[in-house]
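**Q** Chains as they are written, first to last, in this note's numbering: chain A, 10 to 217; chain B, 10 to 217; chain C, 10 to 217; chain D, 10 to 217.
Bear in mind the hints are in silico, worked out from the structure with no lab data behind them. Note that the Cβ used here is the ideal one computed from N, Cα and C, for glycine as well. Among the hints, erroneous ones may be present.
Pairwise CB distance ranges, derived in the manner of DEER restraints [claimed, not checked]:
{"no.": "1", "chain 1": "C", "residue 1": "S190", "chain 2": "D", "residue 2": "E72", "range": "47 to 57 angstroms"}
{"no.": "2", "chain 1": "C", "residue 1": "A46", "chain 2": "B", "residue 2": "S28", "range": "41 to 51 angstroms"}
{"no.": "3", "chain 1": "D", "residue 1": "A43", "chain 2": "C", "residue 2": "G122", "range": "15 to 25 angstroms"}
{"no.": "4", "chain 1": "D", "residue 1": "R208", "chain 2": "C", "residue 2": "A187", "range": "25 to 35 angstroms"}
{"no.": "5", "chain 1": "B", "residue 1": "E67", "chain 2": "A", "residue 2": "A189", "range": "39 to 49 angstroms"}
{"no.": "6", "chain 1": "D", "residue 1": "A187", "chain 2": "B", "residue 2": "S28", "range": "51 to 61 angstroms"}
{"no.": "7", "chain 1": "A", "residue 1": "T118", "chain 2": "C", "residue 2": "A209", "range": "28 to 38 angstroms"}
There are 4 protein chains.
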Amino acid sequence: MNAHAPADALVLNCTLKPSPATSSTDRLAGLVAAALADRGFASETVRVVDHAVLPGVERDMGEGDAWPGILRAVLAARIVVFATPTWVGQHSSVAQRVIERLDAELSQTDDAGRPSLFDRVAIPVVVGNEDGAHHIIGVLAQTLGDVGFTIPAQSSVYWNGEAMHTTDFVELDAVPEAVASAVTTAASNAAHLADLLRRAPYPNPQAS
Amino acid sequence: MNAHAPADALVLNCTLKPSPATSSTDRLAGLVAAALADRGFASETVRVVDHAVLPGVERDMGEGDAWPGILRAVLAARIVVFATPTWVGQHSSVAQRVIERLDAELSQTDDAGRPSLFDRVAIPVVVGNEDGAHHIIGVLAQTLGDVGFTIPAQSSVYWNGEAMHTTDFVELDAVPEAVASAVTTAASNAAHLADLLRRAPYPNPQAS
Amino acid sequence: MNAHAPADALVLNCTLKPSPATSSTDRLAGLVAAALADRGFASETVRVVDHAVLPGVERDMGEGDAWPGILRAVLAARIVVFATPTWVGQHSSVAQRVIERLDAELSQTDDAGRPSLFDRVAIPVVVGNEDGAHHIIGVLAQTLGDVGFTIPAQSSVYWNGEAMHTTDFVELDAVPEAVASAVTTAASNAAHLADLLRRAPYPNPQAS
Amino acid sequence: MNAHAPADALVLNCTLKPSPATSSTDRLAGLVAAALADRGFASETVRVVDHAVLPGVERDMGEGDAWPGILRAVLAARIVVFATPTWVGQHSSVAQRVIERLDAELSQTDDAGRPSLFDRVAIPVVVGNEDGAHHIIGVLAQTLGDVGFTIPAQSSVYWNGEAMHTTDFVELDAVPEAVASAVTTAASNAAHLADLLRRAPYPNPQAS
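Just chain A, with the same shape it has in the complex:
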């Protein structure tokens, strides 16, 4: 990650596997990033587990905390691709750590008195060898919406295999057509909404 070169889109890859292990989450999020690039949104990717994001709910948990650098990248982006694997039907501990750290933004406002994350758009991406995606999409839509993101229509992207199967997305020879279609819809809708909110930001609700 280079926090000094902000991109219009940011992929937060919340896999449990440090680099350079292959990651199904990376593969699926990468498809979304490519579709966003086609629509003018260049992406930067942060593989969160490679960084020491400390437990806590403050903006900066002090010495050794890598979160402030990641937060700068979040605040510099217009679209955040929030990508998590599925473990025992749930979003990863790394994803939950990011959500906890974003919680600190609730008490932050910009120059116009608006929450710091307003006008940003989120795309939930969930991958697993099996079941859990709808639930996790709900968790991400709720938590990211709470802290200030807008969730476009049909913007979630997921893949999981049949019940109790063990194949990973990274092992598939080809991307299933239904996944490719969902990626296109999510990228198209997120790009549209991010453009609208860039040109016409939310007013300060408490001042309107």
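Following the hints, position chains B, C and D against chain A.
**A** Chains B, C and D alone, transformed into the frame defined by chain A:
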């Protein structure tokens, strides 16, 4: 409900109690409707349990099915206030019935080949004597997002009492300040987003 | 349903489809019922949508309410197989209706002053053409646990296809081996626990 | 933690706050531990965030991984009090980390060929300044049930304040009566069930 007089906003009250019983859900949703009216969005309210919405996942389940009339009101609205009580920590069976019926819209497209519910904005409203709101907001954001609604930033509104308390929202003497603030934010953001999407609808993702 | 001939096990099939339509939920729950029969627990099945279970949270919602008859069957059983389809990632409106009606049992006690549903064991069964099962199993474990059921180890049974697939469980030529194994585990553990609790019921917690 | 002195009960405190900070989770879990002690189950407590539990889904993630020591304590206990705070409506990243590590137990069996965690009983404990408990109880019941724990009747314990309040459980002058009652029920039922399963373990389901 008068499906022939479309309003810009529609409140779907998913209480279990038929009219004319008092309803905490109605009280909280009414606050949102009033805040939307202040921003130019007149509301119509449908108390779903008063109508015979049949089980199933088709647009019209046949004789005696009241859903087609309610669906017309949904399609005529720009903002849908989706309001549900909390029972055993979950959204009501009436709310789930509505979600199941909206599922049929996944296979419907408009003249531009877009999903029938695109450009509509949803406000999740959840009330309970106790705990469950965040979970239900996630369920509503996921299900309504799946069928085509857009979820604005910080657009959910909820109230619940302390753990294992039994006071209902309708019994409160005054609306808590935090609730009033959340109502203002939700209405302001939903009105802003609905206006943006009216003037600049989502393009057909599969054609872009 | 014959409420006068109590069985040791009760299947609550919460499909949205009235009889005699084929039901994937019925097929999967039937496998569990057969495995319970092998362990001495005869089953009765109630297809809830065939009965007029009225909205509300009282034991008896009055004229035309079919719930009191179903409740008698629940109270007569030692094992309840709670089976629901997956719609938009959630348990069905019929399943939620049952949960709402069971909520009334929270204020009911038996002769020993214990909650009316104590010593009963629940098996969550979830089926869908796609994703949602783990979430729904969590919802069922929480809600059924709240009202008094015990949830055995590894007692949930589910099937869903790959992401965004449309095949139903009832269309599969053969039962997948992983499903058959889960059915065996759930039935074995539920039968063991139901026997233990029949011989040694929970004491009244508030009196111990 | 002293992994060499196994207790009959183990409290896993999944707060985000390292020792010696005060912890609402600790206070509520402590009430459960005291009630278990009254019923003959001595407790040991592990504050997980004080230990370097590495990300991953193997039993031992290698150098510096503190999980193997904690796992020994889990396997030595008959009752696990799984206690988590609520952050943005979800279980903590520390709690999810524990769940991910317990996932490795799915492929472990004991001498009788049974899953390694069979016959153990779990008590979900959830605390938050506001809403989220029912949802998290569902998540814990599902995930802990999947890996082999049994969930007793009415065994969950929680506290949260009114919607959008900020008071912490640790700040309450007195324990609310409803919480005390829930603690008693959970401890009584868990102790009863743990005793039953100690005397009559689950048979190997695949061999029965």
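**Q** Would you say the C-beta atoms of T118 of chain A and A209 of chain C sit inside 28 to 38 angstroms of each other?
**A** violated (59 angstroms)
**Q** Please test the hint of 51 to 61 angstroms on the beta carbon pair from A187 of chain D and S28 of chain B.
**A** violated (32 angstroms)
**Q** Range hint 47 to 57 angstroms: satisfied by the CB atoms of S190 of chain C and E72 of chain D?
**A** For E72 of chain D against S190 of chain C, whose Cβ atoms are near 36 angstroms apart, the range 47 to 57 angstroms is violated.
**Q** 41 to 51 angstroms was suggested as the range; check whether the CB atoms of A46 of chain C and S28 of chain B agree with it.
**A** 46 angstroms Cβ-Cβ, so the 41 to 51 angstroms window holds.
**Q** Could you tell me whether the CB distance from E67 of chain B to A189 of chain A stays inside 39 to 49 angstroms?
**A** Hint violated: Cβ distance 28 angstroms, outside 39 to 49 angstroms.
**Q** I want to verify a distance hint. Is the separation of the beta carbons of R208 of chain D and A187 of chain C within 25 to 35 angstroms?
**A** holds (32 angstroms)
**Q** Is it true that the C-beta distance of A43 of chain D to G122 of chain C lies inside 15 to 25 angstroms, as the hint says?
**A** 23 angstroms Cβ-Cβ, so the 15 to 25 angstroms window holds.
Checked against the numbered hints given earlier, the structure breaks hints 1, 5, 6, 7 and satisfies all the rest.
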